[in-house]
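Asker: As a plain string of letters, each chain reads:
Number of protein chains: 8
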Amino acid sequence: MTLNVYLSGEIHSDWREQIIEGAKDLDVSFHSPVTDHDSSDDCGVAILGQEDNKYWHDHKGAMVNAIRTRKGLADADVVVVRFGEKYKQWNAAFDAGYAAALGKSIIVLNPPAHQHALKEVHAAALAVAEEPSQVVEILRYVLTGSLPG
Amino acid sequence: MTLNVYLSGEIHSDWREQIIEGAKDLDVSFHSPVTDHDSSDDCGVAILGQEDNKYWHDHKGAMVNAIRTRKGLADADVVVVRFGEKYKQWNAAFDAGYAAALGKSIIVLNPPAHQHALKEVHAAALAVAEEPSQVVEILRYVLTGSLPG
Amino acid sequence: MTLNVYLSGEIHSDWREQIIEGAKDLDVSFHSPVTDHDSSDDCGVAILGQEDNKYWHDHKGAMVNAIRTRKGLADADVVVVRFGEKYKQWNAAFDAGYAAALGKSIIVLNPPAHQHALKEVHAAALAVAEEPSQVVEILRYVLTGSLPG
Amino acid sequence: MTLNVYLSGEIHSDWREQIIEGAKDLDVSFHSPVTDHDSSDDCGVAILGQEDNKYWHDHKGAMVNAIRTRKGLADADVVVVRFGEKYKQWNAAFDAGYAAALGKSIIVLNPPAHQHALKEVHAAALAVAEEPSQVVEILRYVLTGSLPG
Amino acid sequence: MTLNVYLSGEIHSDWREQIIEGAKDLDVSFHSPVTDHDSSDDCGVAILGQEDNKYWHDHKGAMVNAIRTRKGLADADVVVVRFGEKYKQWNAAFDAGYAAALGKSIIVLNPPAHQHALKEVHAAALAVAEEPSQVVEILRYVLTGSLPG
Amino acid sequence: MTLNVYLSGEIHSDWREQIIEGAKDLDVSFHSPVTDHDSSDDCGVAILGQEDNKYWHDHKGAMVNAIRTRKGLADADVVVVRFGEKYKQWNAAFDAGYAAALGKSIIVLNPPAHQHALKEVHAAALAVAEEPSQVVEILRYVLTGSLPG
Amino acid sequence: MTLNVYLSGEIHSDWREQIIEGAKDLDVSFHSPVTDHDSSDDCGVAILGQEDNKYWHDHKGAMVNAIRTRKGLADADVVVVRFGEKYKQWNAAFDAGYAAALGKSIIVLNPPAHQHALKEVHAAALAVAEEPSQVVEILRYVLTGSLPG
Amino acid sequence: MTLNVYLSGEIHSDWREQIIEGAKDLDVSFHSPVTDHDSSDDCGVAILGQEDNKYWHDHKGAMVNAIRTRKGLADADVVVVRFGEKYKQWNAAFDAGYAAALGKSIIVLNPPAHQHALKEVHAAALAVAEEPSQVVEILRYVLTGSLPG
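Protein chains in written order, with the working numbering: chain A, 1 to 149; chain B, 1001 to 1149; chain C, 2001 to 2149; chain D, 3001 to 3149; chain E, 4001 to 4149; chain F, 5001 to 5149; chain G, 6001 to 6149; chain H, 7001 to 7149.
So here's chain A without its partners, still in its complex pose (with noise of 0.2 angstroms):
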């Protein structure tokens, strides 16, 4: 059993690397949004011509970027949505709802501060993790059976 496991929300830290690093051992297949900010931000206009006005600008970027997060959250198993401490973080919340309504299995990656505004998302959630290392550890459990210690 292969896992497709997609790693959505936030872009700070290297959590996405700790799993990945973590469950190398594993059969799961991560995918990603792209990581990097300032792409993000402008491959709209990049690729498909520039905007004077910046809603048009964020615009055709988040486009461009849906072709990839669609294409990660239809095919995964698992979504893994991690908030970090700061910035709204819509997207996060977003692509949680969007794979609660596809029926895909959610674990949330949050800090504890953060537990009361998340309750929502949580209640959709199969797990409810504050560490990188538990959500490696839930993958292995459900591929293999094995816990830790």
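Hints were generated in silico from the structure; no laboratory data involved.
Please note that a few of the clues may not be correct.
With a Cα cut of at most 16 angstroms, we get these calculated EDC-like pairs of lysine to aspartate or glutamate [said to hold, decoys possible]:
hint, chain 1, residue 1, chain 2, residue 2
1, F, K5088, H, D7038
2, D, K3054, D, D3041
3, H, K7054, E, D4052
Below, a sample of chain B positions facing chain C; criterion: calculated Cβ distance under 8 angstroms [to be verified]:
hint, residue
4, H1031
5, V1034
6, D1036
7, S1039
8, C1043
9, A1046
10, I1047
11, M1063
12, V1064
13, A1066
14, I1067
15, R1068
16, R1070
17, K1088
18, L1147
Built from N, CA and C at the ideal position, the CB exists for glycine as well.
Since the structure of chain A is already known, use the hints to place chains B, C, D, E, F, G and H on it.
Answerer: Okay, now just chains B, C, D, E, F, G and H, sitting in the frame of chain A:
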């Protein structure tokens, strides 16, 4: 043609009342989450029993609220998602993602300051408005073909 | 908002009547399986002809009952699944699984003693209640926002 | 033609091993839940943190196990559901209902004594067997057209 | 509970009238194909223009009739498929397969002589009847719980 | 049986009025896009604010119109797609493709000169007509079984 | 591009072998029902135990065969349905209806004499052929763009 | 991550070759309709027999081509729809609508002169390009995160 419209998101201002009042001559059926903040937070434990742990207190409430939210989203033709000035509002973005995956027509209503942070949500919307009156004008146009002014 | 509620499971106590009576002022449309035990067991052979073999006697009846059950589950917004004190009640758990795969909102109603054995069913539910009155309170809250007390 | 077969239900006897051994020359890919009883019960708290309350202890584990179960059921062509002599086994009946709503081909494997209690589950099955060897014979016939004897 | 019932198949006897008359006190909405044989054969060319080639004459008619058939099947809760004594009746078997793939509850009505030839169709049905009165009894039981006699 | 019919395509002749008038004694509910050309082009900027760039001017309008179009197509049993003599009419062909993927019954209404260019669209249709009166005759036949003349 | 092709229907002539031989240089994966008549009739009782009643004998077999048929139809891109000269062949028409509801591309293969009786099945097909060699030519064209001659 | 890309539309210029050549180092699987104009027009009658009537000549061909088109669209992650300078190109707009209803990511490729006429098609797209090289750049970015320049 009756339109089913679900009004998702911010519960601290009277934007829902403005839209419902403005559209009172139109063939629209509006639905919303429970907008009483305390009831929404406490419904789970009030009905199903207290919890010592704040996480499970919140969880029980979010699950009960999901019965209403899912029904409202599933039945909707149009989902209006309102982002206010404050708070994380991840439930609003979650609803937007959920509605997008179901193929619902989405109208986002937000102050201009949130434009960049909402770009992925906007990319899934058919309209982005700043004022409740614009939402009314869209509903009026969709149902009757009449434009303002 | 009218809620379609299917009342699945145990047929040996008056829990359905308690819920229907308690919710009589609410905009709910209730549906149930045939709850007469003998009719439910014998409907197949009574209409379609006797069987010598007990397996086919039961099979014919279960198939005819499935016409009603499938309709009830397919039309439901909320499925309440009741587990009583006795018997195997595999039909109740089957209905819960069926409803879960259809994405229905599930409320499980069971005595505390069954908690561990029902944990997989509970994991698919939005609420777990012990008393019919709690189901009524959930329906009232979902439809009106009112909480008990 | 490769068949994906999910082996759901009882974890206290070697029925899975008998089927896998018997079908080892066939083009079948078998999947199962985690069948170590203690790991299955404790996986949630072992990875995501202890709970004082037994309900939430169980809930966390059932949710983590659901990641594997959902994947197994979603990918399956055939779902074999085994009911043993003992216990409530509501998870088996739940899986059967879930598989039925997804339109999967279901084979039920149970001792004759459970016949009446399983009639609604049998009504959703394409085959009802008493011995693991019969399941192997069905898989062999479906894949190769060969019958026993 | 209103049942939508589509009456598919043989158009040379009064079985539809018998069922509709027998069920006139029940909350059932019946739909059928056009049962006038000549109209059904010629509707395409009568409206859309003559064809020299018999194949296209038939094709145009079958396509126009499909507008009604698809609507009837899509809206149905229960599909009754009647096979008479004579003719190929491939349209009846086609409707049964179409209904099966949509997950509709199927009742097959046929003379005993056709039993072996219909075994694959029967395998997708929830009831197999020989007389229209049995179909009425099933509808009565499904809607009211009452059995004959 | 009420038929929901969506009238898509050309807005420069009175074909919709002819069909609606001709079918006024039938149980049909008709829906259409906004057929005022200027309103349809300008609705986006009239409600949501001016755009300097013609592309975004058009885009905003097309998105708002999509709210009505999607609702009309999603609710339809039958989609009539009219191609007139002039213009590109890609929106009509787009609606036909959209309707085809949803499994809707499609009637194409076009002048004979367009036959070759529309062959892929015709291949997805259940009827191809040249006159609005033929569409009325199809609706009459589908609903009542009556043929012209 | 690999095409999955399911070959449904008549089992008394070598039409399947002709198609498979003719397409042996193409990227096609063929699947079929079990075509040994006796095995197909008796598989249920041979594996799951004898039945006194011919109906249940047939039923058990049809159900076991359905495991293979459903898999073949669900995985298919193209379903070829063959009607021979003789017999009722309702299983072939049933498969055609099932495939149509799943949106599969259908090719019907039948002698000209059956044209009128098959008109509803033809109305759901993308091609109607009289010879196995024509089916091969269609598969070749679809995969390579090459036409005969 | 492999992307399945279907290249729909205009067959009179080498835009497909430009995209395939430009993307030859990327993990993309391209599919297209048959682009030989005569073969595409005549495939139906060449294989299935001549027709006197031009409408049925075209119809037979369009139906056979639909086998390939539907497979290509159903399997695609991304659908590129090219509109050239000339012709009606209703098949391209039809494919765009079909892809939109399936929820595919759509890239439209057209000369600027068609902008207004394509506004409803653009409203369903995630990117609108003028040059094949821009499509390549989008595919490169989606797969690797690399931007041009």
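Asker: Give a verdict on every hint.
Answerer: Each hint, compared with the structure:
Taking the CA atoms of K5088 (chain F) and D7038 (chain H), the gap is about 24 angstroms. The hint is violated against a cut of 16 angstroms. Proposed proximity of K3054 (chain D) and D3041 (chain D) is supported: the alpha carbons are some 11 angstroms apart, at most 16 angstroms. At most 16 angstroms may separate the alpha-carbon atoms for a hinted pair to count; K7054 (chain H) and D4052 (chain E) meet this at roughly 13 angstroms. A least Cβ separation of about 6 angstroms between H1031 (chain B) and chain C falls short of the 8 angstroms threshold, and the interface hint therefore holds.
Taking 8 angstroms as the C-beta contact cut-off toward chain C, the hint placing V1034 (chain B) at the interface holds, the least distance being around 4 angstroms. With a cut of 8 angstroms, the hint placing D1036 (chain B) at the interface with chain C holds, because the nearest CB-to-CB distance is about 6 angstroms. For the restraint placing S1039 (chain B) at the interface with chain C, the shortest Cβ-Cβ distance is roughly 5 angstroms, inside the 8 angstroms limit, so the hint holds. Restraint check, C1043 (chain B) versus chain C: the minimum CB separation of about 5 angstroms is within 8 angstroms; hint holds.
About 5 angstroms separates the beta-carbon of A1046 (chain B) from the nearest beta-carbon of chain C, less than 8 angstroms, and the hint is met. Restraint check, I1047 (chain B) versus chain C: the minimum CB separation of about 5 angstroms is within 8 angstroms; hint holds. Nearest Cβ of chain C to the Cβ of M1063 (chain B): about 4 angstroms, under the 8 angstroms cut. The hint holds. Evaluation of the V1064 (chain B) hint against chain C yields a held restraint, the C-beta minimum of about 6 angstroms falling below 8 angstroms.
This hint holds: A1066 (chain B) has a C-beta 6 angstroms from the nearest C-beta of chain C, less than the 8 angstroms allowed. Interface restraint check: I1067 (chain B) against chain C, minimum CB-CB distance 4 angstroms, threshold 8 angstroms, status holds. Given hint, R1068 (chain B) at the interface with chain C, holds; its Cβ is 5 angstroms from that chain's nearest Cβ, closer than 8 angstroms. Checking R1070 (chain B) against chain C: minimum C-beta separation of about 6 angstroms stays under 8 angstroms; hint holds.
Residue-level restraint check for K1088 (chain B) is violated (minimum Cβ-Cβ distance to chain C is 23 angstroms; threshold 8 angstroms). Interface hint at L1147 (chain B): violated, since its Cβ lies 31 angstroms from the closest Cβ of chain C, which is beyond the 8 angstroms cut-off.
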